[in-house]
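K.L.:
Chain by chain, the residues run as shown.
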Amino acid sequence: MTDITKVPRTGAARHRAGVGRPPKPLLGTAILIAALFALPGGYVAWRAAGGSESPLALLGSRQTLDPLWRTVQLAALVSVSTALLGTGLAWLTTRTDLPLRRLWRVVVPLPLVYPSFVGAAAFISGLTPGGVVHDLAGVFGIELTIRLHGLVGSWLVLTLFTYPYVYLPVAARLTTLSTAFEENARLLGDGPRRVFLRVVLPQVGPSIAAGSLLVFLYTLSDFGAVHLMRFETLTQTIFRTRLFDRDRSFALALLLLVLALLVVAAERTVARSGTRRGARVSAIGDRQSLVVPLGRWKAACTAATAVVVGLALVAPAVSLADWGLFGWFRSRRGAAGLRLDWDDVVAPTWNTIWVSTVTAVVAVAVVLPVAYLLARHRSRVGGVVNAVVVAGFAIPGLVVALSMVFWTLHASPFEFLIGSMPVLVFAYVVHFGAQAVRTTQVAVEAVPLRMEDAARLLGAGRLRRLATVELPLMAPGLAAGAGLVMLSTMKELPATLLASPIGFRTLATQIWNTYEALFLPEMAVLALVLLAISATMTWLLVIRRSEHLR
Amino acid sequence: MDQRTPRQPSRIAAALLLVLGLTAMLTACGSDDPESLTVYSGRSEKLVGPIFEAFTADTGIALDVRYGSSNDLALLLSEEGTKTPADVFLSRSPGPAGYLDDLGMLAKLDDDVLDRVATTDRSPTGTWVGFAGRGRVLVYNVDEVATGDLPGSVFDLTGPEYAGRVAVPGSNSSFQDWFTLFRLRNGDNVATGWLNDMVANGSRFYPKNGAIVEAVGRNEIQFGLVNHYYNFQKVAANGDAQRSANHGFAPGDDGGLMIIATAAVLNESNEQDAANRLLTHLLSDEQQRYLTDSVYEYPLALGVAPADVLPPAPVDRIGAVDIDDIAAEFTRTIEIIEASGVLDQ
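As they're listed, the protein sequences go chains B and A. Counted from 1, the first sequence has number 185 at position 203 by our numbering; the numbering is strictly sequential. Numbering-wise, our numbering comes out as the position in the second sequence, counting from 1, plus 2.
Chain B on its own, in the form it takes in the complex (with noise of 0.2 Å):
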């Protein structure tokens, strides 16, 4: 196979696939780094092994085998489907001229912010007779007889609520890859068609994989949208007999650890791989993005494109809108009002946003030396790191909550500390810090080694080069990275339920207590003003802080 991309690997980017061992402050740091991610696997563990299930022995029972094959089945559908999904909307939105692409670029990775069990509510509801989706279709005198449940709508719920982890990974490489070899490729006579299977494709190969990998190990996590859609798997299982047979319950959670470790070491083989085939391109280049004419598919594009976000975002934001408005009209029938005053919005707004902007920057902060790590060098050591950091992503929030007040109370000398901001932001970091990995992975091998290698021969020290040559160059990546722990900390619930301060309030919080109190109306206000912020703050910190460099 005579592949395009291969050409820049002579020189600087061999060089840059660093044979050279890792310097040990690097890897003491990466080391550090994966026990602390270890922590709530380490609970598991630990529970599970003080228990009297073993979980060898339930693996020969139908009651574990056919959730867990339950579970594999949709994790799998669900990274396919996200992956075209995620992937296809991001070449859309950064390459093509599609129309309202900047309008585009801000909602589509907005559907990640549903809570799950709001989202999957919102959708059933909306579907259902006297839902927003099925009125509107009887309209048109089509009758939707769709009730969504089981593995179709599990799977459908899925997809539409977490392509983003694939969407916003892969459009961030797509922005920073040089169009370069597109433009040659084009040149030299291929069609747009070849040109994305032959040139992008094998560039964010990775990035999908990555983003795919999130998407199956959340799918592994889930507990809220399965739970609604009735589907049985592993995590529901695992939440069905947390209380009242909790040896079970560990005993399966150390099941479903054990299982996202194997996905991950299966996607590191296939994400080196890929990286052996010439993925690492440089970042630097030409920044003149090359636009590819949707010509005649452009309509067909731009509706596809609208389905989706309308499907994922409005639908759902129409649902709580509809059940919101019944509130506001309630008290003109002469019933209560809406309940709910500003101090159920202005405070818990205001805490969302700030411990999700912090978790997310100390989160980047965090994975970046095991980003480094795994980019530049090749050890024994990072494959470790790297799949105690992002398998950990596949154990449910409460868990890792419990993990939490276990490891603080009982064995370290932090017990002061419980029920503290601290405490809280390192559980968000340790539960969502695998997200940011991949991306900030990407975003390092984006910096070619020649320009630091340039800095250095003009004297600049590793600070120095860090924040005025590598920071720049990797500013998308870690925006990406971000972005994704940003809005999966806004709709974070049991760990803020049960490892927060008492009497912090977050808007995820607020709308858990409407909807348990079933005030359905006060739970939809809630919901489109985390919509509404949300939208905003990946416009603000993510979309602006990736589009500067063009």
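Worth flagging that the hints you see were computed from the coordinates, not collected in a lab.
Computed Cβ-Cβ distance ranges for the label pairs, DEER-style:
| no. | chain 1 | residue 1 | chain 2 | residue 2 | range |
| --- | --- | --- | --- | --- | --- |
| 1 | B | A248 | A | A341 | 30 to 36 Å |
| 2 | A | P162 | B | R175 | 56 to 62 Å |
| 3 | B | F122 | A | D242 | 24 to 30 Å |
| 4 | B | A17 | A | T333 | 33 to 39 Å |
| 5 | A | E270 | B | V327 | 32 to 38 Å |
| 6 | A | P36 | B | V327 | 29 to 35 Å |
| 7 | B | V366 | A | D114 | 55 to 61 Å |
Chain B is nowhere near these chain A residues, computed Cβ spacing over 12 Å in every case:
| no. | residue |
| --- | --- |
| 8 | A56 |
| 9 | G106 |
| 10 | D112 |
| 11 | A120 |
| 12 | T122 |
| 13 | P153 |
| 14 | D190 |
| 15 | N198 |
| 16 | A252 |
| 17 | T282 |
| 18 | D287 |
| 19 | L304 |
| 20 | G305 |
| 21 | A309 |
| 22 | P313 |
| 23 | V317 |
Just so you know, even glycine gets a beta-carbon here, dropped at the ideal spot from N, CA and C.
With chain B held as given, fit chain A onto it using these hints.
P.N.:
Just chain A, lined up with the frame of chain B:
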């Protein structure tokens, strides 16, 4: 953490402390009330928040409340063990309280508190007390079902006229509470047989009470086994547009059961008196009236009548049967429910 502050603020702080101290002395008049209590609440802030506010207004004792799901909070408490900051635990149902009782984490309550409710509404060992009840009822769609056709017994639901028309929340903790009692009263054979017949009859599984009331309201399904409370919330929100209503089974039928929300005090609490005071407040006439008039739950304090809109209160309570090993019974319940296949319906 080091809380030292520069001199100016520390003077202000000292002055504030002095004022606070004087106020406390004047108001408390020698009593040694703590400044605050920590509560873990498995009931939503939207429901119990006003009760807590009234307590602070009455006593001057601030409440730090951690809200969460009852099961998760019970797990948190068991993980915190002797180091828990919690003084009081409120739970949606007796299950999580029983779990903590088995771990020896609950203190014996004052007799004054226990005597506020009937013996059926408190733990046999006096470690928790019920403060509000939700009835297990059959919710039905008012357009599809005539009131004359409503069943008297939960056993009727396995008949052909209910084929494919009944929603069962198999994974819901209230349903599991009910099924545990149902099992203990009728024996495992009868209970398992009933559940299998329900499955064979095409009953559909829904994960939550709220989801069932919604589904029944929009006629996705015609009947559902739920807690009475949800329909009132839906009617409060939607008025006449909500096309569902509650039906109570015949008095004494096994389908009717009161799930009671419980309150308990942690062994480790250093504020046993104040914690018991909070429970007394929860069971006061005034707060019990709030719970039934505004939240549509059954009051459990003796002498307080349920709100007029509520269906007659079910007689049976989950606490009525002396369950030696709650954890074992719930494990058995979950096994039977899983084996029945109802969760795949």
